[in-house]
Amino acid sequence: MAYLVSHPDEVKVISFRFGKGASDIDKYLELDGYTAVRKAITLGPEGIIAEMKASNLRGRGGAGFPTGMKWSFVPKQSAKPKYVLVNGDESEPGTCKDRLIFEYDPHSVIEGVIIAGLAIGSKMGFIYLRGEYRYLLKIMEKAIDDAYAKGFLGKGIFGSNVDFDVVSHTGAGAYEVGEESALMESLEGKRGIPRIRPPFPAVVGLYGGPTVINNAETLATVPHIFRIGGAEYAKIGTERNGGTRLFCLSGDVAKPGVYELPMGYNLKKMIYEVGGGINDGRSLKAVVPGGSSTPVLLPNEIDIGMDFDQVGKAGSMLGSGGVVVLDDSVCMVEFALRTMKFYQHESCGWCIPCREGTDWLKKTLTRVHAGGGVAKDIDNIRYLAQNMLGRTFCPLGDAAAMPTIAFVDKFRKEFEDHLDGKPCPYAHQREAALASV
Amino acid sequence: MSTQINTIFSPALAARFDRLVTLYPLRRSALIPMLLYAQDEVGYLSDQVVSEVAARIGVTELDVRDVITYYSLMRTVPAGKYHVQVCTNISCMLRGGNELLAHCKKRLGIGNKETTPDKLFSLEEVECIGACSWAPAVQVNYDFHENLTAESMDQILDDYRSRT
Chain A
-13 MAYLVSHPDE
-3 VKVISFRFGK
7 GASDIDKYLE
17 LDGYTAVRKA
27 ITLGPEGIIA
37 EMKASNLRGR
47 GGAGFPTGMK
57 WSFVPKQSAK
67 PKYVLVNGDE
77 SEPGTCKDRL
87 IFEYDPHSVI
97 EGVIIAGLAI
107 GSKMGFIYLR
117 GEYRYLLKIM
127 EKAIDDAYAK
137 GFLGKGIFGS
147 NVDFDVVSHT
157 GAGAYEVGEE
167 SALMESLEGK
177 RGIPRIRPPF
187 PAVVGLYGGP
197 TVINNAETLA
207 TVPHIFRIGG
217 AEYAKIGTER
227 NGGTRLFCLS
237 GDVAKPGVYE
247 LPMGYNLKKM
257 IYEVGGGIND
267 GRSLKAVVPG
277 GSSTPVLLPN
287 EIDIGMDFDQ
297 VGKAGSMLGS
307 GGVVVLDDSV
317 CMVEFALRTM
327 KFYQHESCGW
337 CIPCREGTDW
347 LKKTLTRVHA
357 GGGVAKDIDN
367 IRYLAQNMLG
377 RTFCPLGDAA
387 AMPTIAFVDK
397 FRKEFEDHLD
407 GKPCPYAHQR
417 EAALASV
Chain B
3 MSTQINTIFS
13 PALAARFDRL
23 VTLYPLRRSA
33 LIPMLLYAQD
43 EVGYLSDQVV
53 SEVAARIGVT
63 ELDVRDVITY
73 YSLMRTVPAG
83 KYHVQVCTNI
93 SCMLRGGNEL
103 LAHCKKRLGI
113 GNKETTPDKL
123 FSLEEVECIG
133 ACSWAPAVQV
143 NYDFHENLTA
153 ESMDQILDDY
163 RSRT
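Protein sequences, first through last, are from chains A and B. Number 41 in our numbering belongs to position 55 of the first sequence; there are no gaps in the numbering. Number 113 in our numbering belongs to position 111 of the second sequence; there are no gaps in the numbering.
I should point out that these hints are in silico values taken from the structure, not numbers from a laboratory. Quantities reported herein were computed from a predicted structural model and do not represent experimental measurements. Ideal Cβ positions, reconstructed from N, Cα and C, are used throughout, including at glycine.
In silico DSSO-like pairs for lysine-lysine, Cα to Cα no more than 30 angstroms straight-line: (1) A:Lys327 / B:Lys107; (2) A:Lys25 / A:Lys128; (3) B:Lys115 / A:Lys124; (4) A:Lys348 / A:Lys362; (5) B:Lys107 / A:Lys348; (6) B:Lys83 / A:Lys124; (7) A:Lys396 / A:Lys327; (8) A:Lys109 / A:Lys141; (9) A:Lys408 / A:Lys348; (10) A:Lys349 / B:Lys115; (11) A:Lys141 / A:Lys66; (12) B:Lys108 / A:Lys408; (13) A:Lys408 / B:Lys107; (14) A:Lys13 / A:Lys124; (15) A:Lys176 / A:Lys66; (16) B:Lys83 / A:Lys176; (17) B:Lys121 / A:Lys124; (18) A:Lys327 / B:Lys108; (19) A:Lys13 / A:Lys25; (20) A:Lys348 / B:Lys108; (21) B:Lys115 / A:Lys176; (22) A:Lys25 / A:Lys39; (23) B:Lys121 / B:Lys108; (24) A:Lys128 / B:Lys83; (25) A:Lys327 / B:Lys115; (26) B:Lys115 / A:Lys348; (27) A:Lys362 / A:Lys408; (28) B:Lys108 / A:Lys349; (29) B:Lys83 / A:Lys327; (30) B:Lys107 / A:Lys349.
Derived CB-CB ranges, DEER-like: (31) B:Arg163 / A:Ala36: 58 to 64 angstroms; (32) A:Leu15 / B:Asn8: 46 to 52 angstroms; (33) A:Val189 / B:Asp156: 52 to 58 angstroms.
Pulled out of the complex, with its shape left as it was, chain A reads as follows (with noise of 0.2 angstroms):
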């Protein structure tokens, strides 16, 4: 079970259902569940992209790309049939917001697919959730069964002549698979391998059909800006950032949890205020802002504002909304393995450069922690880094190479810290930080 928390400081507009028995329907209907659809049905294709440019939503997956931009891309006239995928697949590291929209409020994703079909004109909708999702699975095919039984989904849908169903999806443990094509891929019964674009999936995605796939959080925002409108959705975020979205804090900080923040709410407010600061008197090393593909702020660098275009401008990426907080216990060489590790973990294998840069990445990472790099091994590292971004298909090399390249600029003083022999300086600190915790 996914625990709540609440700040003060929270507009809670995604979240407004979440902890009121809203997974079940009638509950959600009282709430003012699937009205925001009916809404829909009647503005047609035009007017819901209208609503959503309006809103300037942006992708809470990471890329932030405009989704009402993103929809408007679909062709009217397709021989193939259109499809609409919900990317339930969270697995970046230091994110876990889909997780509670899942528990708490399902129809809302259900909704927000919905609509995404009325503006492209499709008539299936897929729920991919990842594969230790199992017990969110369940909850989003009984909110799905309970929506048929209604007339929500099926022939007719609402009393209207629009088809619509919606089939709830099981992944079974891969990061890759959150890359919208290697998405694809994988419902498709197949290895989670990127695909080379153009085409891309608004062209020729699932099935070969024109497709909308946006991350989970994105349509479960839908809804509620037809419930509030477009424009006074956009009011809430910042320009060309609107709305909230689900920061998930976690790692050292004293509150961890997953609030609902207007976008651009400030970071250093975040840690410190919504957090509740560093744990024990400790203090800031360091911020991971969007998920561990992002690189690392300093805490001279985290009195922004959090959208896309600030963190960006700071020279990081606002990401999957992870905020992950370390003191000054941690080892930022362990912490740079530990990174590594993972994406060398979950690299597909088809691009060299991701393939090969990760495993030795990790493998350099690991020798210069455990005391026997030399040097040049830290120049390695970063040139390694540098010599993967933007030589993949997908970004998973980016991703992996990206905040290797921050750690190694901006902590590489640690690095040398390790060199020669010398044990990890900062594992007594760490093992005293955990203590008293």
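We have chain A; now place chain B onto it with these hints.
Positioned in the frame of chain A, the structure of chain B alone reads:
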């Protein structure tokens, strides 16, 4: 299709498969969920499971094995009745995931990817399971256990042990 196959699956699972393949425009889309559900029932993806799933979907056994080797939740050898999966990825690491894994090894007397002699528990170090804000976290089969300490972990293992 199930009626023609000399099935190793329970009637409920066979019926689930029959329904599953009808949900997708392409039969093969049912492959990954089918493998997982079969693994849940049989315990692992044995040669017989691979063979039957291939026949039910209408692909070759090689196609099925090609998929199995890609996904981390799929296994071709039996695990313990309770498969203890300890996350040590960054958020869990910061809250003591490595120490928790070491504790589980000691407590269960087995290493990573090993099974206890009584086949009750198996242990695996896993990548992020999506419990970052409630770290450190463990999944036992599909059940999440979060905000763990060595003491609460012991309690959880004891609870599973007493279930049998």
